[in-house]
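Peer 1: Given next are the chains, with one letter for each unit.
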Amino acid sequence: MTRHLIFSIRYIRKMHFILNFLALMFLMVPFARGQTPNDALMMPSKNICILLNYDLGQFDRYWEGDYLRKNETIATVDRNTILPMAAVGILDELNFYIGLPHVKTSSSEINGGRFEGVKGFQDLMLALKFKALDKSLGVGQLSLFTSIGYSTPASNYLSDYLPYSLGFGAPELSLRGIARYQLTNGFYVRGMIAHLWRGYTEVERDYYYNNGSYYTALMDVPNAWNIEAVLGKWFLNNTLKFELNYAGLKSTSGDNIRAYNAAQPTNKVKFDRLGVSLQYYSPSIKGLGVVGYYTNVVNGLNTAKFSNVGLGLTYQFEFIKNNYEEQDAQ
Amino acid sequence: MRNKPVISIIIICGIVGLVSCEKDLPTHLEYKDYSFSSADENGGAWQPILIDQGAAITIEAPEDISSDSYMAEILTLKESMAQINTSQKEALAYWGNNAVVRWNEITLELIAKYNLIPGPNEDGSYTLPNPANPNGPPGFPFAHPPYACRVLAYLSVAQFDGLISAWHHKYVYNREAPYKQDTSISFAYEANDIPSYPSDGAVLARVSKRVLSAMFPLEAEYLQKKENEHLESLLLSGGNVPSDVTAGAAIGDSIAQIALARAANDGMKNAQAPKAVSDSIKAAAFARFGWQWDNLEIPARPVGLTPLFGKVMMWNVANVEDVRPVAPPALDSDTYLEDVAILKEHADNMTEEKRRIANFWQDGLGTYTPPGHWNRFANEFMVESKMNPLRSARTLAYMNMAIMDAGISCWDAKYYYHYPRPIQTIEGFKTIAGTPNFPSYTSGHSAFSAAASEVLAYVFPEKASLVRGWAEEAAMSRVYGGIHWTFDATAGTDQGREVAGFTINVAKGDGAD
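Line by line, the protein sequences give chains A and B. Read in our numbering, the first sequence has 317 at position 317, and its numbers run on one by one without any break. Read in our numbering, the second sequence has 4 at position 4, and its numbers run on one by one without any break.
Everything labelled a hint here was simulated from the structure, so no lab data went into it. Keep in mind it's a predicted model, so treat the numbers as computed, not measured. Virtual Cβ for every residue (Gly too), placed ideally from N, Cα, C. Among these hints, one or two may not hold up.
[As the list claims (entries may be wrong)] Interface residues of chain A toward chain B, partial, derived using beta-carbon atoms under 7 angstroms:
no., residue
1, Glu72
2, Ser108
3, Ala154
4, Asn156
5, Leu240
6, Phe242
7, Tyr260
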């Protein structure tokens, strides 16, 4: 795994581009709950947690630069994401993650463009999360984490087909720092900051305009900063978790969507998103959890004003022990 | 805790790897300076387009090379060349030895910048760009394909005529370039034997700036900056003295004025007809054929794109109706129903190859348009063939005249037949390309591409089968995109080829072959 990551990192290229908000949908929304590279939970060693999440995102307005507009040519755009993901406890302090979202997009029927939507597998995501610190501090417990993630397109989807594209079509390397402070009464706050290095996306035309001519099929997907702030509390004997969250993303470069023109992967994307989530761990069926959430983009630049709702199931079990049992059975 | 160092190593390698792999993407055609394959010494006798002959534009005779004034020019030139700075060196490398390519690229960039369709106002109405109020909103112009092909035609024709005139005077006066007069001057590019008075580069800089400033009024300042940089480069290259440049710019001024006078009265200003005229054109088609194209955008656009572009003055075809294709199939005919089945079949079985073709040739809003795409190919071929600026300008002039004539003929058919688009007549049909705001028959991409490919096949015979294949692929790309019928594409291709034939016949008689 480590070798694979180093290999990928060394050879990563700014290779291809699309809508950052699309990437966001899959990177931030489903992964922001449960055991994910973004949060402050760790799987114990020799445990696996499987997540299956369904997410529905919708928008009927988007920011062209900083102007929030309607566009009846695309009308309301739907984005359905099914995300299977696994978190593996390698050590108590080191977890590995793998996920592969399947995305389906379409416009509502009544629109002026008559554009066909798309569907398919988006990006394979791999990540490692490491717990760097866990200690008592004052009236609570302080935990610090870092995670490194890599994602790359898993199918030959076209990133240059906004707003329907499955993703931004480029490899991404992410580096995150996460801090959590939890009181004994179950209240906690969590903060996360990440830098996302994005490569080039290869599109199907070899000329485009990005504040000037580009004679290439490669589009530079801007790198971005990503932050999260979460206020949460555990209830019912640590079986129910409630969170209010803020997520922000800010590209470090890029151009604006031009007047009444399609977005493209080179755009500079910013947004502020607010959300709530609930996660419940069943005391009766050991290892089973349910997560639900709602988020809304409240402010943005060159991005869609998405609302998302999602529902996921998580199931956690000890995989080493299970393997032994299977061997014994043989 | 043994994992800690591993994580640190991964992070450090990652950051170093990402930063070191950043590279620049190409923003123009990069080519190595080359030795011209011909000097075209008799180019001054070629037949121009807008003027009777190269000698029709007159300039003053140059001072003798032994004169004090010329010696002073050489001295000043050497001083400024000795003080060249980094940005001036970059400009020399950028402009290269064939500025026809660069001015064409500047044009393509402005087309892409201005190829934005006005969106609806809050009340659902649309405001059109207005040359009397270029700032808008919306800004002027909307550089759609008809506008783009016309810009390219006027630019290329004016450049060509200006260079024929320059070549005429070059070989009348035979003044050698500064780097030939004084061996201590080193030329920035490959040496050639073309005389330097008047400067061909200065013709290009001045005529291009003037034509483009008229077509893109909001870019006058940017274009002036480009002209200044180009003119300065001509001196710093060691290839021209100021009097060469002044004489070249004078030719540029003269020919630009002639070209813009033609443009002012070619009918383009009436092409975007008012709603009443547009409605009567539509009603006439319905009365004649029993069908009419409708814009399906929400809110609907009241007028299609340039209904009267088909009435614009052509370059090499006497009467647009002479090249009008036969009528498309009736909406209840077997031919039509077969096409419905074909379009549904493509939509239901979209392959990555068909998608790639649809996108590669799409050249839609925000891009340099299909005429621009073919100019880009021509630029690449011209450099590959090591053409000098005169021969390059000739290539683009004939290609862009043929493209514009094909566009005019295509628009004549579009609004005469007023044929519906697939999304209008196939229930529930969806596309992967945007359906444009004008009737379907014939396909503009097909006509533009066929015309361009025929001229390129004439100029570059070794490329004939390649470019004709591209034109056919460009035509089919619109069918894959779901926005054209197959008969739009085939009729458009035939139309483009036929129209281009008129231009190629003129080219064959201009004395260059």
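Peer 1: Which of the listed hints are not met by the structure?
Peer 2: Result: hints 2, 3, 5 and 6 break, sorted rising.
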